[in-house]
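2 protein chains.
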Amino acid sequence: MEKEQLKKLIATAGGRRKADLVIKNCKIVDVFAGKIIEGDIAVSDGQIAGIGKYDGEKIVDAQGRYALPGLIDSHIHIESSYVSPEELGRLVVPHGTGTIIADPHEIVNVCGIQGLDYMMAAAENTALDIKFMLPSCVPATPFEHAGDTIDAKKMEEPITRENILGLGEFMNYPGIINLDDDSMDKLMVAKRAGKLIDGHSPGVKGYDLAAYASARIQGDHECATVEDMEERISLGMYVLLRQGSACHDLRKLVKGVTVENSRRCLLCSDDRQPKTISEEGHIDNHLRMCVEEGLDPITAIRMATLNAAECFRLYDRGAIAPGYRADVVLVDDLTAFRVNKVWLNGKLVAEDGKYLPEFRRQSIDAVQSSVHLKDFSKEKFRVALKSNRVHTVEILPGGVVTKKSVDTVKLDQNGEFVFDPEKDIVKMAVVERHKMTGNVACGFLKGYGIKRGAVALSVAHDSHNIIVTGVNDDEMEFAVRELEKMGGGIILVNDCKVVESMPMPIAGLMSDRSGEWVDEKLTALHEKAYSALGISGSVEPLMTLCFMSLPVIPEVKLTDIGLFDVTSFSFIPLEADEE
Amino acid sequence: MEKEQLKKLIATAGGRRKADLVIKNCKIVDVFAGKIIEGDIAVSDGQIAGIGKYDGEKIVDAQGRYALPGLIDSHIHIESSYVSPEELGRLVVPHGTGTIIADPHEIVNVCGIQGLDYMMAAAENTALDIKFMLPSCVPATPFEHAGDTIDAKKMEEPITRENILGLGEFMNYPGIINLDDDSMDKLMVAKRAGKLIDGHSPGVKGYDLAAYASARIQGDHECATVEDMEERISLGMYVLLRQGSACHDLRKLVKGVTVENSRRCLLCSDDRQPKTISEEGHIDNHLRMCVEEGLDPITAIRMATLNAAECFRLYDRGAIAPGYRADVVLVDDLTAFRVNKVWLNGKLVAEDGKYLPEFRRQSIDAVQSSVHLKDFSKEKFRVALKSNRVHTVEILPGGVVTKKSVDTVKLDQNGEFVFDPEKDIVKMAVVERHKMTGNVACGFLKGYGIKRGAVALSVAHDSHNIIVTGVNDDEMEFAVRELEKMGGGIILVNDCKVVESMPMPIAGLMSDRSGEWVDEKLTALHEKAYSALGISGSVEPLMTLCFMSLPVIPEVKLTDIGLFDVTSFSFIPLEADEE
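Protein sequence lines correspond, in order, to chains A and B. Using the numbering used here, read the first sequence as starting at 24 and increasing by one per residue. Using the numbering used here, read the second sequence as starting at 24 and increasing by one per residue.
Excised from the complex, chain A in its bound form:
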């Protein structure tokens, strides 16, 4: 802020000059005192000057609606929305979101710091204020090949950037607990820069959790129970109540929010698909759910405003008070939280669900063409098994956790797997797509139900190699080749023809089109997955595959290096008898 702006702000606050904008007739939610103040909100140069009675150059009548501070999503991976940062802004701002804390972990796994650069540049195009966390665990594990390896050294420059608030979720909690040198170096980078370190510690408790917390891990969005939550709060960690498209923890956790601990509680989505946003909303929906569960509305609002601002040290926001950013959300009431208008930085940016600013897009040149295969052909899918008793990756309900099963499969004379329509087991492969290593690893997937064709996608947490599965090597090869041509995305094939596809040219992770288009495409992909490929109705056909390569979630996963037993933390052979 410059001196002249400061003078204008103070003069406006003092009622001695007309405000740039006055939002009249509000019920202002006072997050400091926990009460409602009836009055006007005066705005000067994008900041709130005062609340009370004010006159302005421009006057908008709130007609008695409630005015909330701009909402803050304390943890989200934009990439999981399959849309670009600009587009996510267009989708969530009309729901009252003013700020998101984004961890661009997925794109950095593909494009390295260049992926971060793209996200930060793209973020400049939206009214949504996107603050970033520097991904801390790229690759997520040493058991896979991602597009880059971000070690402590590579973090030194980005951690100092103004819009980088700290290190993103430190998923490698064993690395911290076990004093792994790389992890220590990364922590030190954040500490030396005076930046935050965000957490991720599902199921960790007791001494291990104390060890993790002692590194001053700021928060955790992976609490599954109220006990998890309480333990973390007492250790000084903020708890992020998560409600995303995939994980639904909010209703369970909100029962643990008390008058005593609520200031240490925040709201987040972790991931949020366009369909969820259009049907349910964003943080406005979190508020609605909190209130449905009996939480005091102002306490809920604080979790999405003041508490988040305090946690992330965003001193310029989180409240409607003099000198704060003029991020104001008008809602009809404090139960449904239907958003009427949204101002960010003093500008009206959404009205009745519509995003108002001109839509601009960052060039995606630097992050497209991210699918790089070497010597790829169906020969890479050959397995030449010595035994027909094999380990299979069995899909469990929910689709993220798997079971390590042993099954008998049909082999040809060369020991090659042959799909048996009577058995719900197919070949699955992970094809390295970043560094042209030529790596392809095969495994067997049980319970997916596919009867025809193949599915391939380049969204495969966290390294985002290509996952492909299908009823034979030809279909699988065709799917991978077509996906390569598309520059990544999701594809369904049958009889070596494309049945349906969604190109995701941004790092093979995000579409460059609208959320509505993504939603339509996903709907069509789902529909065709069941109808054309015969995938089991009890399985989510796409997201389930996306998680088949994530070697930190039990029980067994497939990376580009091979079949990985998460329980023993080691690679295992395909043949069950050789174990």
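Heads up, some of the hints might be wrong.
[What the hints assert, rightly or not] Here are the simulated distance ranges between beta carbons:
1. 270/A x 278/B: 41 to 47 angstroms
2. 81/A x 176/B: 34 to 40 angstroms
3. 228/B x 25/A: 38 to 44 angstroms
What the hints contain is simulated information worked out from the structure, not anything from laboratory work. Virtual Cβ for every residue (Gly too), placed ideally from N, Cα, C.
Use these hints to put chain B onto chain A, whose structure you have.
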């Protein structure tokens, strides 16, 4: 923190190596969850590693006592204790104080930035962690001459210092409200450095308060009523509940602390004399009083710990949790808050009221010899009045606010004032002592009751020139000359002999001796003021004089320039008829 320390901390937290220190058998106050946790506190290199069950190289049994985080005094002027920073540390640490936010406004008025340098250097000698605010209003007004003028330019270097948290109480609230350029420049210095701005706005309300708050003034310790408090909290300011040696606001204000707003409330003393500390304590006494007034003890403790740490962005303290500074205070209970032991930074620094570290002192060379008079003699006390109807500064109960009275006095043939034992009016003078301007201004003091001799002191808020009053010019001259020889302090004289004195060689504001010595001296000075000089028993003889030169407190004061009418904000003549 270095990497090896971090590793040691994490290993200790994880229970995989012995802690340096374990404080066993505590009832730990969990300020995050608002509950009591029974367990041990493990310490590694001055930080808390974990709470729960731990083993340590050294073990101390807390015998079931309550463990509180180190207490924080959110606003204090060390100088008002009349002792050095090291000595204040010795006095308050045994009361559980771990951190104070000190505004060295008094010494900077005398010695400029050199005074700040001395205070910061001296602070290094005590276990008490002294954080500083850079005095924002030196001199306090343009109506007096202080030892230096600290403009925005002079603030640029000190504001960047690590232990300077921001600008100290911005007393010149009219300067902010009226967009005074100097004030704007000072605000900009803090804003550009990303530092805080502390407040001081007694009686300001409505639009003026909004104007003040819009500059993002962080807090205010000058609330007189619950209404003042509520208005400030809603405007985003923290409210500091003050209980000092002079001002007693806590019991009144604590009634305004609610479950909803308590996180925005802090505790402070503003000033705290050795006698008050030894008889009542420090922030431990604030806690005791809060609980006496019915406040939940954990809420009270939070005001002195977590809330203060959040307000001042001291993220390393304010709680007993892994990775926090090992500032731990053992108290017998949560009602009397009797302090048993204090660890700061993991070191045992006080036990049963005794300060344990070796006592070291910063050299005071740079800040002594601060009394510089030019051409001083009793001739300067001559007034040559044209009328015997004069303005008098009438002392009112409390001694800080005065009344502008008009009285008839006895004059000699030259128009010189003659003391009339029948009338409780004496001459008072302010003698400039910093820059050798030779300025001496005279006025008349009513209601002080002095019958013999004179009193002089070099502690005279905020410019700290010499204030002297007495029954005739000879006694007054003698008092000033003796005070000059002492290098400043407080002196009582009678028959041109010293009756009692307290040298204050540190800038003429602080003694270089112990708090106990200061207390004894003050007791003797008070006793002699009444017994030897006949000062009225209803008047505090020293503090009352200290405030006679502060031209921001109504109704009329005397500076080195002349008699100042605070209501009209202008100088007035001594003669009442000439007004």
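Quiz prompt | Ascending list of hint numbers which this structure does not respect | solution = 3
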